[in-house]
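Asks: As a plain string of letters, each chain reads:
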Amino acid sequence: MFLALKEIKKEKFRSGLIVAMIVLIGYLIFILTSLALGLAQQNTDAINSWDAKQITLNSNANVDMRQSFLTKKQVGHLSRQEALIGETSVVAKAKSHKQLSAVFLGLNNNQFVYQNLNLVDGHRVTNSHELVVDTAFKQEGYKLGSQFKLNGDNHKYTIVGFIKNAKLNIAPVVYGQMNDWKSLRAITVGPVGSAVVSRDASYKNNANGAKTYTKQQVVDKLPGYQAQNSTFILMIGFLMVISLIIIAVFLYILTMQKLPNYAVLRAQGVPSKVLVGATISQSVLLVVSGLIVATLFTVITAWIIPANVPMAFDIPVLGGVGVGLLVMAMIGGLIPIKSVVSVDPVSVIGG
Amino acid sequence: MSSFSVKNVNQIFGTGTAEVHVLHDVNFEAEPSTLSLIMGPSGSGKSTFLSIVGGLLTPTSGTVEVNGLSYNERSKKERDALRLDSIGFVLQAYHLLPYLTVADQFKLVDKIKPQGNLSREALTDVLETLGIKDLLNKYPGELSGGQQQRVAIARALYPDPAIILADEPTAALDSARVAIIVKLLKDLAVKHHKAVVVVTHDGRLVDSADRLYEMKDGYLTKSTPEVSR
Chain H
1 MFLALKEIKK EKFRSGLIVA MIVLIGYLIF ILTSLALGLA QQNTDAINSW DAKQITLNSN
61 ANVDMRQSFL TKKQVGHLSR QEALIGETSV VAKAKSHKQL SAVFLGLNNN QFVYQNLNLV
121 DGHRVTNSHE LVVDTAFKQE GYKLGSQFKL NGDNHKYTIV GFIKNAKLNI APVVYGQMND
181 WKSLRAITVG PVGSAVVSRD ASYKNNANGA KTYTKQQVVD KLPGYQAQNS TFILMIGFLM
241 VISLIIIAVF LYILTMQKLP NYAVLRAQGV PSKVLVGATI SQSVLLVVSG LIVATLFTVI
301 TAWIIPANVP MAFDIPVLGG VGVGLLVMAM IGGLIPIKSV VSVDPVSVIG G
Chain R
352 MSSFSVKNVN QIFGTGTAEV HVLHDVNFEA EPSTLSLIMG PSGSGKSTFL SIVGGLLTPT
412 SGTVEVNGLS YNERSKKERD ALRLDSIGFV LQAYHLLPYL TVADQFKLVD KIKPQGNLSR
472 EALTDVLETL GIKDLLNKYP GELSGGQQQR VAIARALYPD PAIILADEPT AALDSARVAI
532 IVKLLKDLAV KHHKAVVVVT HDGRLVDSAD RLYEMKDGYL TKSTPEVSR
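For the protein sequence lines, the chains are H and R, in the order given.
All the letters of the first sequence, read from the start, carry residue numbers 1 to 351 under my numbering.
All the letters of the second sequence, read from the start, carry residue numbers 352 to 580 under my numbering.
No lab work stands behind these hints, which were simulated from the structure alone.
Don't take each hint at face value.
Listed below are the simulated DSS-like cross-link pairs for lysine-lysine, each with C-alpha atoms no more than 27 Å apart in a straight line [stated by the list, open to error]:
id: 1; chain 1: H; residue 1: 273; chain 2: H; residue 2: 6
id: 2; chain 1: H; residue 1: 93; chain 2: H; residue 2: 53
id: 3; chain 1: H; residue 1: 273; chain 2: R; residue 2: 464
id: 4; chain 1: H; residue 1: 6; chain 2: R; residue 2: 484
id: 5; chain 1: H; residue 1: 338; chain 2: R; residue 2: 534
id: 6; chain 1: H; residue 1: 273; chain 2: H; residue 2: 72
id: 7; chain 1: R; residue 1: 464; chain 2: H; residue 2: 10
id: 8; chain 1: R; residue 1: 462; chain 2: H; residue 2: 273
id: 9; chain 1: H; residue 1: 6; chain 2: R; residue 2: 464
id: 10; chain 1: R; residue 1: 462; chain 2: H; residue 2: 10
id: 11; chain 1: R; residue 1: 462; chain 2: H; residue 2: 338
id: 12; chain 1: H; residue 1: 182; chain 2: H; residue 2: 156
id: 13; chain 1: H; residue 1: 338; chain 2: R; residue 2: 428
Here's a subset of chain H near chain R, in silico, CB distances under 10 Å, partners left out [claimed, not checked]:
id: 14; residue: 2
id: 15; residue: 3
id: 16; residue: 260
id: 17; residue: 263
id: 18; residue: 344
Over 12 Å on every C-beta distance to chain R, these chain H residues come out as not near it, computed from the model [stated by the list, open to error]:
id: 19; residue: 63
id: 20; residue: 155
id: 21; residue: 182
id: 22; residue: 234
id: 23; residue: 242
id: 24; residue: 248
id: 25; residue: 259
id: 26; residue: 262
id: 27; residue: 266
id: 28; residue: 272
id: 29; residue: 299
id: 30; residue: 315
id: 31; residue: 316
id: 32; residue: 319
id: 33; residue: 326
id: 34; residue: 337
Just so it is clear, the structure is predicted and the values come from calculations on it, not from any experiment.
By construction, the Cβ of each residue, glycine as well, lies at the ideal position given by its N, Cα and C atoms.
Bound conformation, chain R alone:
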């Protein structure tokens, strides 16, 4: 059974001469234990796709089903709850709250969602893997861009979501860190049975993908490592 499915989704912004058809009949399925990679240049519709899949944007037509239920059948509150419980966003603009230490970023999740988050041990493992265990008492302003990105990844994983949507998760990282992040995402898919979807134009991730797609001018098609690299 798929974690989520996208059926015949179209997204049009604007009207008349200003109309832009961003997504064309997009179909997609993300399954547990799978790392799906969507490659494509800037402006190809990747971010719009991610916004629709995450329930942040309602498509012009088509449906997105998560856990067997369409977003159309869920209230705004239910969509919020779904994102909090089941979807982990790893965003390119990580925007950690500047007045919370790294430890407090996780405490905030505990305040909003007291149950179902990673155990203390599991969180420590994630922090160690990402190399940020010693940064718990630091504020985001005291971290480098790469460190902030890794904190944002840990923050997204902490609620233990079934689906992980990552938007350019390696944009601010060097090759050594990219390898660590890719391994982490791969482990989350394989060992923890998450459905991981990464949109990126970073070719260094191609070899790790279980499924590879290409987004071009709003059309999503299956791809191969040779084409995407």
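The shape of chain H in the complex, shown without the other chains:
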């Protein structure tokens, strides 16, 4: 540590360049991770808020709630652990606001999903053409009592409540009554809902034409969800590897320049482990410094970023990513170690 600290102190510019590189990589990784988390959450926030374990859909719906229709017979008898949901995509239109794409979810007032809605403002839906909407509507200027039309429906819908983090497939959710869902989908006979969600992990619906999935199976089949997550994981993984290579290259060059000095120290009896320790602690110090600055930048970003940017700053996850970067740096720092260990002290005798 002594040697590492002294070298960093003396070589401020060189060390600063390495730290700056790590800051940029660390910041990029933190922001990408937050974006990945934010988008993942906005895909699944609504489903997660229901606390559902099992979801029954039409077996021909390709595990997609939007494509699913269930008849009364397929829904069957529902206990207090189950709730019927009707889903459809809508566009909210109001004269004084820009159009907003959303997901309409029809609920029954006597079932647990409706009863567990955690509102931040207003009250639950009690009548037809009333809506509880995601706070994204608030950011677009909608208020309690605001009215708008959905799709081609001539009726106006009124906002009676706001709910936070109610998003499905990145679109804000509007909760309404099941009759309104039927109206929006122009259903007069036949289907009674899109899905049955259950809090009971052992729930299974064996009705003909219906199939029960775990919540995760349904989440994984959300359009674009897997592709989006894979892309982010790939990008973050690549950045990790790039950081490893950068740190390894810098440390390798720095170490190669010091080998004649190290040879003298070895000739003077300084154990290899002291020199190895100096090399590794140098990489740790540089990376930790870089990560601290990157964290500060991330905190500032989280503070000033607009609320509608889909980013989630999860401290345990970002901490894990930071540790991952540190591990990569350690691996990078180990690459020049072989040269340090095998330095030949004889080379310094005789000038």
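With chain H's structure known, arrange chain R on it following the hints.
Replies: Just chain R now, with coordinates in the frame of chain H:
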């Protein structure tokens, strides 16, 4: 009792047609309170001899005993510890760590070997003698070649080794500085009972030597000031 002894040492590099016999049956003894000078031209085997004596190189045949124990009987770790405790290397290529100030060069020794180093007063004496007391806060890059060489000498003496092996210690110095270095090495031998061995081709050191040797084509022989000068 000798500080170290070299018995029938041969050193051969390479094999077949590339074989070079660098040292031939070298025998040598260094005793405390003695300044031994090994003179010889470049390529005569002086540096190889010094590497073997310092335990950096294992000879093809023969033995080197330090404090009564052969290098062959010591592990690599023990040889490192021996060099750290008992052998002070003064090297021609001084290679001070560029990011340590002169003061930090000594602090590094304290970190690795916390005990048995020169006292603060003794170090100050050495620094004053070498004329580098005012350079403690300077980095090697801010020093002249001669100043760096003197810092390297002080650094080698700081662990208070019983044996001092010097490789061309006066190569970068003017005559006035040479006189100071020679006096210092002589004092270390006489007053502090060190075994000092200097390999050099600098004739200005000849008069200070208690024992004089000549290395020629890998053969080490006793010499006289008249021959060596």
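Asks: Each hint needs a verdict: does it hold in this structure or not?
Replies: Hint by hint, here is what the structure shows:
1. The hinted pair formed by residue 273/H and residue 6/H meets the criterion: a straight-line CA distance of about 18 Å does not exceed 27 Å.
2. Of the supplied pair hints, the one linking residue 93/H and residue 53/H is violated, its CA atoms being roughly 34 Å apart against a limit of 27 Å.
3. Between residue 273/H and residue 464/R the alpha-carbon distance is near 14 Å, which keeps this suggested pair within the 27 Å criterion.
4. Distance restraint check for residue 6/H and residue 484/R: the Cα-Cα separation of roughly 21 Å lies within the 27 Å cut-off, and the hinted pair is therefore satisfied.
5. Only pairs whose Cα atoms come within 27 Å are accepted, and residue 338/H paired with residue 534/R is rejected, the gap being roughly 42 Å.
6. Distance check on the hinted pair: residue 273/H and residue 72/H sit about 74 Å apart at the alpha-carbon level, beyond 27 Å; violated.
7. For the proposed pair residue 464/R and residue 10/H, the alpha carbon gap of about 24 Å is at most 27 Å, so the pair holds.
8. Pair hint residue 462/R plus residue 273/H holds up; C-alpha atoms about 13 Å apart against a cutoff of 27 Å.
9. Proposed proximity of residue 6/H and residue 464/R is supported: the alpha carbons are some 18 Å apart, at most 27 Å.
10. Between residue 462/R and residue 10/H, the direct Cα distance comes to roughly 19 Å. Compliance with the 27 Å bound is thereby established for this hinted pair.
11. At roughly 23 Å between alpha-carbon atoms, residue 462/R and residue 338/H fall within 27 Å of each other, so this suggested pair holds.
12. Pair hint residue 182/H plus residue 156/H holds up; C-alpha atoms about 16 Å apart against a cutoff of 27 Å.
13. Restraint check for residue 338/H and residue 428/R: the C-alpha separation of about 18 Å stays at or below 27 Å, so the hint holds.
14. With 10 Å as the threshold, the beta carbon of residue 2/H comes within range of chain R, its nearest partner Cβ sitting at about 5 Å, so the hint holds.
15. Checking residue 3/H against chain R by beta carbon gives a least distance of about 7 Å; that is within 10 Å, so the hint holds.
16. Taking 10 Å as the C-beta cut-off, the interface hint given for residue 260/H holds, the closest approach to chain R being about 5 Å.
17. Hint on residue 263/H holds. Least Cβ distance to chain R is approximately 7 Å, under the 10 Å limit.
18. With a cut of 10 Å, the hint placing residue 344/H at the interface with chain R holds, because the nearest CB-to-CB distance is about 8 Å.
19. With a least beta-carbon separation of about 61 Å from chain R, residue 63/H lies farther than 12 Å from that chain, consistent with its non-interface assignment.
20. The beta carbon of residue 155/H is kept farther than 12 Å from every beta carbon of chain R, the shortest such distance being approximately 77 Å.
21. Its beta-carbon lying about 77 Å from the closest one in chain R, residue 182/H satisfies the requirement of being farther than 12 Å from that chain.
22. The Cβ of residue 234/H sits about 39 Å from the closest Cβ of chain R, beyond the 12 Å cut-off, so the non-interface label holds.
23. Every Cβ of chain R is farther than 12 Å from the Cβ of residue 242/H; the closest lies at roughly 28 Å, confirming the non-interface assignment.
24. Every C-beta of chain R lies more than 12 Å from that of residue 248/H, the closest at about 21 Å, which supports listing it as non-interface.
25. Consistency note on residue 259/H: stated as away from chain R, yet its beta-carbon is not over 12 Å from all of that chain's, at 10 Å minimum.
26. In this structure residue 262/H is not separated from chain R by more than 12 Å, as the shortest Cβ-Cβ distance comes to only about 9 Å.
27. Non-interface call for residue 266/H relative to chain R: violated, since the shortest CB-CB distance, roughly 8 Å, does not exceed 12 Å.
28. The beta carbon of residue 272/H sits about 8 Å from the closest Cβ of chain R, which is not more than 12 Å, so the claim that it is off the interface is violated.
29. For residue 299/H, the requirement that its beta carbon stay farther than 12 Å from each beta carbon of chain R is met, with the minimum near 32 Å.
30. Once the 12 Å rule is applied to beta carbons, residue 315/H is consistent with being away from chain R; the minimum gap is 36 Å.
31. Every beta carbon of chain R lies more than 12 Å from that of residue 316/H, the smallest distance being close to 37 Å; the non-interface claim holds.
32. Residue-level check passed: residue 319/H sits 32 Å from the nearest beta carbon of chain R, beyond 12 Å.
33. Listed as outside the interface, residue 326/H is consistent with that label: its C-beta sits roughly 24 Å from the nearest C-beta of chain R, beyond the 12 Å cut-off.
34. At roughly 17 Å, the least C-beta separation between residue 337/H and chain R is larger than 12 Å, which holds for a residue marked as non-interface.
Of the hints listed earlier, those the structure fails to meet are numbers 2, 5, 6, 25, 26, 27, 28, in rising order.
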